[in-house]
Amino acid sequence: MIEFDRVTITYAGAPAPVLRDVNLRIDEGELCLVVGRTGSGKSTLLGAINGLVPHFTGGTLVGAVRVNGRSTAEHPPRELADLVGVVGQDPLATFVTDTVEEELAYGMEQLAVPPAVMRKRVEETLDLLGLADLRHRALHELSGGQQQRVAIGSVLTAHPRVLVLDEPTSALDPTAAEEVLAAMTRLVHDLGITVVLAEHRLERVVQYADRVVHLAGDGTVTAGEPAPMFASTSVAPPVVELGRLAGWQPLPLSVRDARRRAGPLREIITGRSVPDVRADVALGAAPLLRARGLVVSYGTVLAVRDVDLDLHAGQVTALMGRNGSGKSSLLWAVQGSGPRQAGRVNVGGTDPHTLSSAAARALVGLVPQTPSDLLYLSTVGAELAQADHESGPAARTARDLLDRLAPGIPDDVHPRDLSEGQRLSLVLAVQLRAAPRVVLLDEPTRGLDYPGKHALRRIVDGFAAEGCAVVVSTHDVEFVASAADRVIVLAEGEVVADGPTAEVIVASPAFAPQVAKILAPLPYLTVAQVSAALGSAGAA
Amino acid sequence: MSTARVPRALHPIAWWIWAIGLATAVSRTTNPLLLILVLATLGFVIANRRTDAPWARAFKYYLWMALIVIVIRVVFRSIFATGVGATDHILFTLPLVHTPHWYSGVHIGGPVSLEAVLASMVDGLRLGTMLCCIGAANALANPKRALRVLPGALYELGVAVVVAITVAPQLVESVQRVRRARRLRAGSGRGARALRGIVIPVLEDALERSLHLAAAMDSRGYGRTGTATRGSRRVTAALMLTGLVGLCLGVYGLLAAAAPRYLGLPAILVGGMLCVLGLVVGGRRVQRSSYRPDPWRGPEWIVAACGGLTAVLLFVTTGAGAEALNPSFSPLRWPPLPVLPVLAILLAAAAGVVAPPPPRPVTARRTRIPALAEPTREGVSA
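Same order as they appear, the protein sequences are chains A and B. Its first residue numbered 1, the first sequence is counted upward by one per residue in the numbering used here. Its first residue numbered 1, the second sequence is counted upward by one per residue in the numbering used here.
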């Protein structure tokens, strides 16, 4: 179905090709998972399938990419529209019309499908993706999962043979992501459509993949059956890492398979003391930040209802809950810059809400969901100098901070050219320059791959070790399992759970990390814990 | 007529023809009674046949605009008075400004007569009523549907407008987000520095978004069927331009009573033909179909005909009852009410009954089906 024949892709001005001499065949009806680190060329590979690379992005492509026999050299993306459907990360950015029904029809209008056929296909697609109730709704008022389903539907109506999905769930909460992935697997099974998928949070999708394409990062590409491939990939979900650690052959890819194999492992580690994920924090008598009765409302919608919050020095708190449950509103209200209808916040005797924004940020630092909103200068160096200027003299310059968070970012790079992780580090350096003792991070794990998340965990650990109180709002259970001391779950603006990580996230099956599901009832959360337990066994 | 009763949106072009017909009719008269009758007609049709959409509620702004036109007209007429007759009723006298002798054509200030004020009021009323006719078309016809019926040659233009309408709220949201984020960096909300701190992230955001959109449109087949050759593009442009010039001349000839007779109809016909030809030539390269096209059925014909007939009837009576259509206010008297124009305007009002009722808003339907209430609420809260 899709054929890469000795393909090398080089972007203009790049020292080395992104993809080098790629030979790849993806057959009809396969669900093909593309894995690799950020910047290894996943998007380039996906874009090359319908010719967006290089027709739209520029660069040189040597070799040939053929889809169903049609070469992208002779056919620009628009002429492959009847064959390849493409869905991106941010559905809202790709919508052309403004209601669900019209969006579903847009692609067909371009292909000059007769009106009667169009009408029928729209009805079928509405049913297939469960969108019938939303048909007249405006696209921007849908939830993220609904928008992504509309985006998938809008390319499906053209009856493509191939569906290309570039991280379709990276902006979604777990439930919405589940919704989208369920719709996608249904398409593979019911329609036999060929799907090529890139995804960060592999733990959700590996079990559905028929084939894995691994991008090593140096331009080489290997492909094969999932289980053998994952034995050596540079990124892997926890279930695979546990399998590698325990030496299971073939590697299990789903919790179910792993659990069936985990009997002996459970026996070995039963009775051993469970190593701590993180060293115990000696909580000070008084919290660093004390918030009481916070209420935030927008018009008639209550975003945060009467929330109390204590943050202690050295503690990392994870804030979880579905999209729209009030996580961001709570963080903004605590920081003092956001709206707040009632309640008090006390940081070292003052309320940041009553201070100037410069004084507030020296007490509580917040990194917003879109970190690039804070950047407006044309080089990293200028941003750092501006941060030093804003925060006044101090022992550490912003440059020192950045080098500690992410070493090796040169001064003359444009902030937009940094990777997600590097940009996050830059914004963190800018915000931390004011030396706040309370640090709030709004969804920092978005768009980070596994190594990126490891780096973030180290950074967060570092803050906590220095006596900061850190709050991280996130959807990522695996990250929470390894990085947080305490978890708060919000729903409809209320705190529904608050306690130590192990208790809160293991309590519900939907929230539990993979390792906990595999080794239940043993209270293990991360692969590192299992590894430590096995290590102590070896020593004994 | 059973199909007319099924609630559906009338073809937008039908409403536009109706409104333009009515506006043309209005241009022929300064009889305040007729003008007010036209306004009443517009009000009746809109009240009867508009939807709940935001553009449908915009009619009141056109009414305000009409009022402003009248006020401006009266104020200017009072200031730049052109003298008073012997029998005029003087309302008040403004201080007279003496203009230099080389600028003696214009009087500023002086006595203001009731007759002059009334005449300017009626003049303003005519212009305001024409504005309201256009406003009525906007309120009755969904502007997005109207763009969809643009001929193929103008398709790109329609897409650009639709995208702009969709992107504008996103841009506003982007500005709000960045302004909020500025405070986190202790940036002030004022001054050139703040502007830079807001404008640059917003522009970068917008640029990135438009690139995404362009890529998405490209991969969904936008602009799929070949591009025009240079030659055909020039032919299209030449045809369209000459056609538009012809149309403008023709419209001027028809509407301006002082223009020579031969200018009106022939110029409009030739110009119209050239435009159609240009659109056909330009549209040949675009092959698309449209989803749920608005049908053109009996009610559309009738509504369009109502507007057209009104215009024709007022043109026909223009010779016979010139005094009734354009009554003079000096000497002061109550304007007459000519029968035929009144009937013509009432004919236009029939559109409010003949057109099918507009489709019910989606929300109203939902409340009647309890099973659907749940996903709705979830969607709103998310």
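Keep in mind that a hint or two might mislead.
[Said to hold, decoys possible] Cβ-Cβ distance ranges computed for the label pairs, FRET-style: (1) PHE315/B / ARG70/A: 40 to 50 Å; (2) SER378/A / HIS212/B: 43 to 53 Å; (3) SER378/A / PRO169/B: 22 to 32 Å; (4) ALA160/B / ARG70/A: 42 to 52 Å; (5) ARG57/B / SER234/A: 51 to 61 Å; (6) SER356/A / PHE92/B: 35 to 45 Å; (7) VAL149/B / ARG70/A: 28 to 38 Å; (8) LEU241/B / SER356/A: 55 to 65 Å.
To be clear, the hints were calculated from the coordinates, so they are not data collected in a lab. All C-beta atoms in this analysis are idealised placements derived from N, C-alpha and C, irrespective of residue type, glycine included.
Taking the hints in turn, this is what the structure says about them:
no. : hint                            : result
1   : PHE315/B / ARG70/A: 40 to 50 Å  : 59 Å, violated
2   : SER378/A / HIS212/B: 43 to 53 Å : 22 Å, violated
3   : SER378/A / PRO169/B: 22 to 32 Å : 28 Å, holds
4   : ALA160/B / ARG70/A: 42 to 52 Å  : 30 Å, violated
5   : ARG57/B / SER234/A: 51 to 61 Å  : 57 Å, holds
6   : SER356/A / PHE92/B: 35 to 45 Å  : 57 Å, violated
7   : VAL149/B / ARG70/A: 28 to 38 Å  : 34 Å, holds
8   : LEU241/B / SER356/A: 55 to 65 Å : 59 Å, holds
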